[in-house]
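Engineer: One letter stands for each residue in the lines below.
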Amino acid sequence: GEEVAQTPKHLVRGEGQKAKLYCAPIKGHSYVFWYQQVLKNEFKFLISFQNENVFDETGMPKERFSAKCLPNSPCSLEIQATKLEDSAVYFCASSRRDGYNSPLHFGNGTRLTVT
Amino acid sequence: AQRVTQPEKLLSVFKGAPVELKCNYSYSGSPELFWYVQYSRQRLQLLLRHISRESIKGFTADLNKGETSFHLKKPFAQEEDSAMYYCALGGTSGSRLTFGEGTQLTVNP
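Order-wise, the sequence lines are chains W and E. Numbering (our numbering) for the first sequence: 443 to 557. Numbering (our numbering) for the second sequence: 1225 to 1333.
No lab work stands behind these hints: they were computed from the structure. On a predicted model such as this, the values are computed, not experimentally measured, just so you know. Just to be clear, a hint being listed does not mean it is correct.
The following label-pair restraints were derived from C-beta to C-beta distances [claimed, not checked]: (1) E:T1284 x W:S518: 37 to 43 Å; (2) E:H1274 x W:Q492: 30 to 36 Å; (3) E:K1239 x W:T557: 37 to 43 Å.
Straight-line distance between alpha carbons at most 20 Å, and here's what the computed EDC-like set of lysine to aspartate or glutamate pairs gives [claimed, not checked]: (4) W:K510 x W:E484; (5) W:K510 x W:D498; (6) W:K486 x W:E527; (7) E:K1246 x W:E484; (8) W:K510 x W:D528; (9) W:K486 x E:E1244; (10) W:K525 x W:D498; (11) W:K462 x W:E499; (12) W:K460 x W:E505; (13) E:K1233 x E:E1303; (14) E:K1246 x E:E1291; (15) W:K469 x E:E1303; (16) W:K451 x W:E527; (17) E:K1233 x W:E484; (18) W:K460 x W:E445; (19) W:K486 x E:E1291; (20) W:K462 x W:E444; (21) E:K1289 x E:E1244; (22) E:K1233 x E:D1305; (23) W:K482 x E:E1291; (24) W:K482 x E:E1325.
Every residue gets a Cβ at the ideal spot worked out from N, C-alpha and C, and that includes glycine.
Construct all of the structure, not just a fragment, from the sequences and the given hints.
Structural biologist: Set out below in structure tokens:
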């Protein structure tokens, strides 16, 4: 597709439950990024992929967070045993591999509310 | 370490007035700077990038390496420019973008 598609739009989980978010990057884009935005503040980088390989995971919390980008499937971000502080909007973005500074194309985000 | 600072969280101007959204960065390599905009209820989208040296919707931004700044400017603001603006710093293809905290611009009639 021509836009990054994120599902679901909204997700509500009780504390301790699992949350799984999905992202379909733009066709032909090699890189996928996940960002977390808490309370409309800055975007916190979580992880990026180059195709199905983890490219940069330095932003991922060591525990509870995992992500995958498998061939022919949407990418996913999973949070095991959610906590209240995980409440945020999670944005996915993709970019081409065309040299130095491919701009990121963002999805609409998934709003996760942990109660 | 990469860092982007947008000192103004809120900026309010009247229609037709000039507007400048400030952005300063910290980066040891050769920076790639971007401005992203998020209009109400829309996704974050690229406004412009310094390497293109183009003007989008009347906005321009010049990279000043001496002052480590990439301020966004428009000579005559319009009401439809009201949005959240994020300055972002990147590196090589595939590398993460580091975002500033954003500036909410409101253009009053």
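Engineer: All the hints need checking, so say for each whether the structure fits it.
Structural biologist: How the hints compare with the structure:
no.: 1; hint: E:T1284 x W:S518: 37 to 43 Å; verdict: holds (39 Å)
no.: 2; hint: E:H1274 x W:Q492: 30 to 36 Å; verdict: violated (24 Å)
no.: 3; hint: E:K1239 x W:T557: 37 to 43 Å; verdict: holds (42 Å)
no.: 4; hint: W:K510 x W:E484; verdict: violated (24 Å)
no.: 5; hint: W:K510 x W:D498; verdict: holds (12 Å)
no.: 6; hint: W:K486 x W:E527; verdict: holds (13 Å)
no.: 7; hint: E:K1246 x W:E484; verdict: holds (15 Å)
no.: 8; hint: W:K510 x W:D528; verdict: holds (19 Å)
no.: 9; hint: W:K486 x E:E1244; verdict: violated (25 Å)
no.: 10; hint: W:K525 x W:D498; verdict: violated (24 Å)
no.: 11; hint: W:K462 x W:E499; verdict: holds (18 Å)
no.: 12; hint: W:K460 x W:E505; verdict: holds (13 Å)
no.: 13; hint: E:K1233 x E:E1303; verdict: holds (18 Å)
no.: 14; hint: E:K1246 x E:E1291; verdict: holds (12 Å)
no.: 15; hint: W:K469 x E:E1303; verdict: violated (34 Å)
no.: 16; hint: W:K451 x W:E527; verdict: holds (19 Å)
no.: 17; hint: E:K1233 x W:E484; verdict: holds (11 Å)
no.: 18; hint: W:K460 x W:E445; verdict: violated (27 Å)
no.: 19; hint: W:K486 x E:E1291; verdict: violated (25 Å)
no.: 20; hint: W:K462 x W:E444; verdict: violated (23 Å)
no.: 21; hint: E:K1289 x E:E1244; verdict: holds (18 Å)
no.: 22; hint: E:K1233 x E:D1305; verdict: holds (16 Å)
no.: 23; hint: W:K482 x E:E1291; verdict: violated (28 Å)
no.: 24; hint: W:K482 x E:E1325; verdict: holds (8 Å)
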